[in-house]
Amino acid sequence: MINQLSWKVGGQQGEGIESTGEIFSIALNRLGYYLYGYRHFSSRIKGGHTNNKIRVSTTQVRSISDDLDILVAFDQETIDLNYKELHEKGIIIADSKFNPKKPEDTQASMFAVPFTERATELGTSLMKNMVAVGATCAVLNLNIKVFEDVVEEIFGRKGKQVVDKNMEAIQAGFDVMKEQLSDKVELMELEKADGNKRMFMIGNDAIALGALAGGCRFMAAYPITPASDIMEYLIKKLPPVGGAVIQTEDEIAAVTMTIGANYGGVRALTASSGPGLSLKMEAIGLSGITETPLVIVDTQRGGPSTGLPTKQEQSDLMAMIYGTHGEIPKIVMAPSTVQEAFYDTAEAFNLAEEYQCPVIILSDLQLSLGKQTVEPLDYSKVEIRRGKLVTEELPEIENKGYFKRYEVTEDGVSPRTIPGTKNGIHHVTGVEHDETGKPSESALNRNAQMDKRFRKIENLKFDTPVYKNAPHEEADLLIVGFNSTRGAIEEAMARLEKDGLKVNHAHIRLIYPFPSNELLPLVQSAKKIVVVENNATGQLANMMLMNVGHAEKVTKMLKYDGNPFLPHEIHTRCKELV
Amino acid sequence: MATFKDFRNSVKPNWCPGCGDFSVQAAIQRAAANVGLEPENLAVISGIGCSGRISGYINSYGLHGIHGRSLPIATGVKMANRDLTVIASGGDGDGYAIGMSHTIHAIRRNVNITYIVMDNQIYGLTKGQTSPRSATGFKTKSTPEGSIEQAIAPMEMALTAGATFVAQSFSTDLKDLTALIEAGINHDGFSLINVFSPCVTYNKINTYDWFKENLTKLSDIEGYNPHDKGMAMQTLMNHNGLVTGLIYQDTERKSYQELLNGYSESPLVDADLTLDQVHFDKLVDEFM
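Top to bottom, those sequences are chains A and B. Taking my numbering, the leading residue of the first sequence gets 176, the next gets one more, and so forth. Taking my numbering, the leading residue of the second sequence gets 3, the next gets one more, and so forth.
In short, the hints are calculated from the structure, not lab data. Just so you know, not all the hints are guaranteed correct.
Using 25 Å as the maximum straight-line C-alpha spacing, the simulated SDA-like pairs for lysine to any residue come out as follows [to be verified]:
{"hint": "1", "chain 1": "B", "residue 1": "Lys129", "chain 2": "B", "residue 2": "Asn205"}
{"hint": "2", "chain 1": "B", "residue 1": "Lys14", "chain 2": "A", "residue 2": "Glu610"}
{"hint": "3", "chain 1": "B", "residue 1": "Lys129", "chain 2": "A", "residue 2": "Glu616"}
{"hint": "4", "chain 1": "B", "residue 1": "Lys256", "chain 2": "A", "residue 2": "Gly417"}
{"hint": "5", "chain 1": "A", "residue 1": "Lys575", "chain 2": "B", "residue 2": "Arg10"}
{"hint": "6", "chain 1": "B", "residue 1": "Lys284", "chain 2": "A", "residue 2": "Gly370"}
{"hint": "7", "chain 1": "B", "residue 1": "Lys7", "chain 2": "A", "residue 2": "Thr611"}
{"hint": "8", "chain 1": "A", "residue 1": "Lys575", "chain 2": "B", "residue 2": "Val13"}
{"hint": "9", "chain 1": "B", "residue 1": "Lys14", "chain 2": "A", "residue 2": "Glu571"}
{"hint": "10", "chain 1": "A", "residue 1": "Lys411", "chain 2": "B", "residue 2": "Ser268"}
{"hint": "11", "chain 1": "B", "residue 1": "Lys7", "chain 2": "A", "residue 2": "Glu610"}
{"hint": "12", "chain 1": "B", "residue 1": "Lys14", "chain 2": "A", "residue 2": "Asn620"}
{"hint": "13", "chain 1": "A", "residue 1": "Lys636", "chain 2": "A", "residue 2": "Leu564"}
{"hint": "14", "chain 1": "A", "residue 1": "Lys575", "chain 2": "B", "residue 2": "Thr5"}
{"hint": "15", "chain 1": "B", "residue 1": "Lys284", "chain 2": "A", "residue 2": "Ser194"}
{"hint": "16", "chain 1": "A", "residue 1": "Lys613", "chain 2": "B", "residue 2": "Val13"}
{"hint": "17", "chain 1": "A", "residue 1": "Lys734", "chain 2": "A", "residue 2": "Ser217"}
{"hint": "18", "chain 1": "B", "residue 1": "Lys284", "chain 2": "A", "residue 2": "Phe330"}
{"hint": "19", "chain 1": "A", "residue 1": "Lys579", "chain 2": "B", "residue 2": "Glu42"}
{"hint": "20", "chain 1": "A", "residue 1": "Lys597", "chain 2": "B", "residue 2": "Asn205"}
{"hint": "21", "chain 1": "A", "residue 1": "Lys556", "chain 2": "B", "residue 2": "Ala273"}
{"hint": "22", "chain 1": "A", "residue 1": "Lys556", "chain 2": "B", "residue 2": "Glu288"}
{"hint": "23", "chain 1": "A", "residue 1": "Lys563", "chain 2": "B", "residue 2": "Asn43"}
{"hint": "24", "chain 1": "A", "residue 1": "Lys597", "chain 2": "B", "residue 2": "Asn43"}
{"hint": "25", "chain 1": "A", "residue 1": "Lys613", "chain 2": "B", "residue 2": "Lys14"}
{"hint": "26", "chain 1": "A", "residue 1": "Lys613", "chain 2": "B", "residue 2": "Phe24"}
{"hint": "27", "chain 1": "A", "residue 1": "Lys412", "chain 2": "B", "residue 2": "Pro269"}
{"hint": "28", "chain 1": "A", "residue 1": "Lys412", "chain 2": "B", "residue 2": "Ser257"}
Here are the simulated distance ranges between beta carbons [unchecked claim]:
{"hint": "29", "chain 1": "B", "residue 1": "Met233", "chain 2": "A", "residue 2": "Thr584", "range": "23 to 29 Å"}
{"hint": "30", "chain 1": "B", "residue 1": "Glu215", "chain 2": "A", "residue 2": "Thr584", "range": "54 to 60 Å"}
{"hint": "31", "chain 1": "A", "residue 1": "Lys411", "chain 2": "B", "residue 2": "Ser268", "range": "19 to 25 Å"}
{"hint": "32", "chain 1": "B", "residue 1": "Ala155", "chain 2": "A", "residue 2": "Thr584", "range": "49 to 55 Å"}
{"hint": "33", "chain 1": "B", "residue 1": "Met233", "chain 2": "A", "residue 2": "Glu327", "range": "58 to 64 Å"}
To give a feel for the contact side, a few chain B residues facing chain A, derived at Cβ under 7 Å [stated by the list, open to error]:
{"hint": "34", "residue": "Ala35"}
{"hint": "35", "residue": "Asn36"}
{"hint": "36", "residue": "Pro74"}
{"hint": "37", "residue": "Val79"}
{"hint": "38", "residue": "Leu86"}
{"hint": "39", "residue": "His104"}
{"hint": "40", "residue": "His107"}
C-beta: ideal position from N, C-alpha, C; glycine also.
Between the sequences and the hints, there should be enough to build the whole structure, so can you do that?
Written out as structure tokens, the structure reads:
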């Protein structure tokens, strides 16, 4: 019996590789296993190698596994590109159609199974994916009945016959694989899972659901990988609550329309990736100086320019903190799990209204597209707080004066009226302005308004600016990361602890304002610090050096080849260091 | 009920004496009063440039944004609150150069807002460079040998982009301009009003006198039918675009908001920000 399994299916893009992985993982999620799925794909629609690596476990996992138990291959390229991940007892299950050849330098065993042939016999070669799922079940000694519901949900609309055929295909795969399995090959039977119902979702789904729960009722966005899922989800879910999504002509229209809607009093969202964020920068400054709430999602991908559009990277951090010309207060948050992505997004709308400034939810491709098992989300934890939005009736202002929308206050936050509010009229401009919004170039006023704006975030209240797993008062090593590296760091940490090292882990969830006070004690109590990040210059490490110092302790662990960190990479490197 | 004086504020415009924009400001104030608006129910969203300052000179809600982006901002405001009257405004550089893409897409989107372009064929605030509306041969600081580019024909462009309301006016024709703005506000869909608004400082060619000499009123053209797109296009071409009045109106096509599936009939700004637990549970269930 095993408590963890790593399974990968690969082939040409457009061949249904994704759906094979989808069916397999949904069924196992329903049995109560924790899953983690990560897709390798290219920036093209058809053709090119793609694969979906799925990890099944009886405990929560949030990282790609180091190695592989089963590789399901629809072409030779899949074998050639991925076989090295297989451990010595690993199994390749390949479609017999392409006469698979097993590479010489592997201990793994290979079975050629007639995926396409059986599927064609049953009616259509399209069902070869189902045959492959069935073959996997034989290796896992898994009753194929667990797929019945999933197949019904996916194909039910096409009629009972299609459902039955697909189940037959799974059965055929199971039978033919079972015949081939000799006693020499160990079955990979998974320990029974707890059977609890949990969600299985990508970060982008959680962000979109978080927005909906957080009161977002309008979105303007332009399609871009890996952010489009957020728009696509809300296009389905906003109309039932009266809201709308507009797909705009460009990224600038998306952000300015979002600013317009927020100015109009509606909680509104835009989401993009690095190239889109670069285009939105001027408008982010407008939101900053006009103190108009704004929530933006940046799902980082490989940059610069078009870069590696379908690959993991975390290289927008500095751009999100400092991007836009001039200086504005801003909040940059970085959820590290799908669960956090939900709650953080909902909270972003509160922060945007309370502090009247842009709030950027930083995600990365691995978090946004990686699919995780999530404990059911708790809606009662979602609050709606609107800050100093004026809802009561206002007294008339004498002599046609304007409402002091930018009143200099102690906490820097001014009362906010929205269009339609009687006696709340004021001007809004990206030009420096006085308390009523009228343009002013006076030095005195400039200082008063700049100081007021920055005062807003001096005492920002943020629930968990740093996620800490710090069992040691004095640690040999502190590992620091942000966004999706959390899973790999957690696993590396467990192994380092097993090796006898004292390790603490800090994951930065509030990137800006940087949580120096929260982090400093952990930095001080560690002998060495490793900052793990998917970029080439060590942007988070640099933020730490700027804010908490201790340069002599800090080592940057960087990876910018487009692939997420694996636990063993962090483990090995940290061990070398200490 | 509010009068046009209620749409005045205490800010003194920083436009040059004689600038055409003064009349546009007055026309908006009169039109707003004439259609029965209260100041708090009007939002004027403007771009950057001399004319972009207009939102600060009208007693109403207003947002002076970034260069070329008045239309998407105005669209967002209107989406947030469909009961507001939203006017977007700016210059020809704002709308036909840096913001041209938004102009075309706002036209085809047909959100119920009114866009007033103060067209002076030059960049004024940056002190006299060529604009996309400058005629070929027009000499400016940035085209010392005369512009070698073709001027944009905004009214023809609007027709081909699928506009449902296209009008053009001259800033001194206050009465006609006011009536056109009223018609634009009352039009259920996107209305584009291009206003020749002379720059007395940097444009010594397209002066008040030049316009008086060269403009033809559509009301003077016998049999002109603003519901005939073909006639509208032909007339514009015959007069090199130098006509004033209502050029084209399509009263059949529904506005974006009317066509948008599920979009709240009451202002979205009043929507409940919470979901009921059953609704949320259903959403969660979809991922199980």
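Discussion item. So, against the hints stated earlier in the document, which numbers end up violated here?
Written reply: Those not satisfied are hints 20, 29, 34 and 35.
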